[in-house]
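Peer 1: Sequence:
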Amino acid sequence: MVVLEKPGPDPSGGLSRGQQFFQAKAVSSVIKMKNQRLATDWDRMNSHEIATFLTGIQNLSVQEGNINDVPCIELSAFLAIVFWLSASPESVKGCDLLPDSAHFGEGLGILWDENPSRYWVVKPRTPIQSLVSSATLERQALPMAKRYTLPIPEPAVQAMDRHFLRFKPGYQTVKIFNRNLEEYLLAADEFFGDLRRIAGGRQTLQRISMHLHYMIARMPGLDITVAMSITGRNDLLGTVSNHYTAISVKELNRFYKFACSEILFDSGITAIKVMNETVDSKGNSHVGSCYVPRELTVTAMVRDLRARLKTARDNLQKEDDSPLRLHNDITIYTVLMIGFATGYRATRDPLLQKAEMDRTTGFCVISDKDGDDLYHSRIIWLPDICFQQLDLYQEHLSHFENWLFMHNQDLFFDSRQKDVIGRRLERETPSLFFIQNDMRGLEVRPKWISKLMKVINYDLPVNANRHYLRTNLLYRGCPVEVINAFMGHWESGVEPWGMYSGLSPLVYRDELFTHLLYLMDDIGWDLEKGLSGETWRK
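In terms of my numbering, the sequence shown opens at residue 11 and continues consecutively.
Treat the hints with care, since some could be wrong.
Subject to a maximum C-alpha distance of 35 Å in a straight line, what follows is the list of computed DSBU-like cross-link-like pairs (lysine-lysine) [claimed, not checked]:
no. : residue 1 : residue 2
1   : Lys328    : Lys156
2   : Lys364    : Lys320
3   : Lys328    : Lys185
4   : Lys320    : Lys185
5   : Lys457    : Lys133
6   : Lys156    : Lys260
7   : Lys364    : Lys133
8   : Lys156    : Lys178
9   : Lys44     : Lys178
10  : Lys464    : Lys539
Hints are computed from structural coordinates only; laboratory data are not their basis.
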């Protein structure tokens with residue numbers, strides 16, 4: 011006997027299937043529009059609203075009274091930090107006044123003394139990554155900063171100065187705001203209510219706290235990863251991109267100064283000194299992904315691989331030598347070249363098939379980490395050097411198969427069978443495989459690639475190529491829309507070839523041609539032969 015539990019309430023509220031469909035469609039449309047982050051969105055404040063807000067907190071900073079039992083000078087400092095760092099009220103509530111950089115804590119901090127050197131101490135939004143030892147990262151990847159400083163704009167200094175004078179300088183950190191968070195929120199609501207009534211506008215605590223974040227994300231040459239690195243905000247649209255991007259602290263300082271200057275210029279506050287002249291950002295630390303290889307690491311990797319290939323080809327002239335090492339080396343060289351040119355993810359079968367390539371235009375299709383709907387398949391542009399390297403690899407395999415047939419027919423027929431198994435029924439490009447010394451075949455997987463790469467002392471993850479590619483394309487000035495389309499990073503409403511996109515395929519190709527070719531050349535990639543008529547006579 012089966013006892014059925016009484017069903018719960020209808021989650022749709024009694025809507026029919028047709029009504030549920032149209033409701034879901036309406037919600038999807040709202041999400042798509044929200045994700046576009048247009049400058050004209052209702053949630054964005056205009057220049058008048060920003061100007062009246064900045065004037066309002068400047069007036070607040072010289073008043074002696076209270077707002078909802080919070081001193082005006084304290085509320086002015088609170089709102090200044092919220093606005094100029096796009097910080098959440100919760101993080102501002104925990105803000106510390108720091109005596110020096112040695113006292114950096116876990117949260118937001120301020121370095122403040124009587125000289126002009128006053129800085130925000132920022133905790134950026136960084137991805138959690140722990141696949142590689144810290145010693146390896148220190149040796150081969152870009153140096154990272156868990157905390158860094160940004161210069162405080164002069165208007166923020168003026169808004170906070172009187173409140174900070176209440177704290178005596180010392181050698182310990184000091185909590186700046188000691189009231190309950192609810193008290194600050196209620197006082198802020200009352201302040202904004204009065205501001206809207208007197209000056210007009212739509213100013214709210216939520217809107218001012220996100221203004222800088224959204225502004226930086228829309229600035230020319232910048233993207234949402236820069237905004238996340240400066241404000242520490244968690245942003246759904248930048249979660250994946252932030253995982254693959256590292257930005258130098260010096261660049262973040264420059265971007266922040268420029269954003270603050272734009273805010274003041276748009277607000278008509280041009281007479282005020284925009285920023286402190288000096289910037290306390292020493293060294294070449296970065297913020298973001300800790301898996302971005304140093305340029306020297308990548309160039310050394312390519313140089314060592316090419317040296318191994320030359321040695322392997324030279325050894326073929328010896329009577330008793332076999333082509334196993336040359337086969338493995340040319341396989342990994344070709345895979346890595348394609349990976350550093352396309353951002354191909356570290357998956358099985360990373361070579362493009364003939365049906366996925368258009369040699370006339372250079373466009374190719376990649377579906378390396380996708381679902382059955384192929385929503386995240388992407389169009390890329392492939393440099394001509396990669397097409398030529400694929401041809402050389404094809405020539406190598408045709409010669410290598412002759413040798414393999416004579417030495418291991420089981421592996422020969424197994425590899426031929428894999429030529430017609432994969433994402434497509436017709437595989438014009440043969441499948442990849444390594445061969446061990448005992449003549450056993452190994453599929454080309456990240457595990458085995460990493461093992462072979464350790465021979466040349468390259469210890470970063472195989473997919474570090476994606477981290478390197480996105481970071482350097484952004485640094486070289488490639489448009490963000492092009493980078494996201496190339497890497498396969500998008501959300502609903504901002505698809506590169508969707509109904510809301512204005513990205514031209516010709517512009518897309520030209521931008522990649524401009525930036526990608528120089529990047530490949532700087533790394534040192536060049537054509538390398540495996541077995542050919544010149545190197546293989548047996």
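Peer 1: None of the hints should be skipped; say for each whether it holds.
Peer 2: Hints, verified against the model:
1. For a cut-off of 35 Å, the pair hint linking Lys328 to Lys156 is broken: about 53 Å separates their Cα positions.
2. With a C-alpha separation of about 28 Å, the suggested pair Lys364 and Lys320 falls inside the 35 Å cut-off, and the hint holds.
3. With a CA separation close to 74 Å, the supplied pair Lys328 and Lys185 exceeds the 35 Å bound.
4. For the given pair, Lys320 sits about 63 Å from Lys185 by alpha-carbon distance, which is inconsistent with the 35 Å threshold.
5. Among the hinted pairs, Lys457 with Lys133 is consistent with the structure: their alpha-carbon atoms are about 34 Å apart, no more than 35 Å.
6. Distance check on the hinted pair: Lys156 and Lys260 sit about 14 Å apart at the alpha-carbon level, within 35 Å; holds.
7. The hinted pair formed by Lys364 and Lys133 fails the criterion: a straight-line CA distance of about 47 Å is larger than 35 Å.
8. Between Lys156 and Lys178, the direct Cα distance comes to roughly 28 Å. Compliance with the 35 Å bound is thereby established for this hinted pair.
9. Taken as a hint, the Lys44 and Lys178 pair is broken in the structure, with Cα atoms around 46 Å apart against an allowance of 35 Å.
10. At most 35 Å may separate the alpha-carbon atoms for a hinted pair to count; Lys464 and Lys539 meet this at roughly 22 Å.
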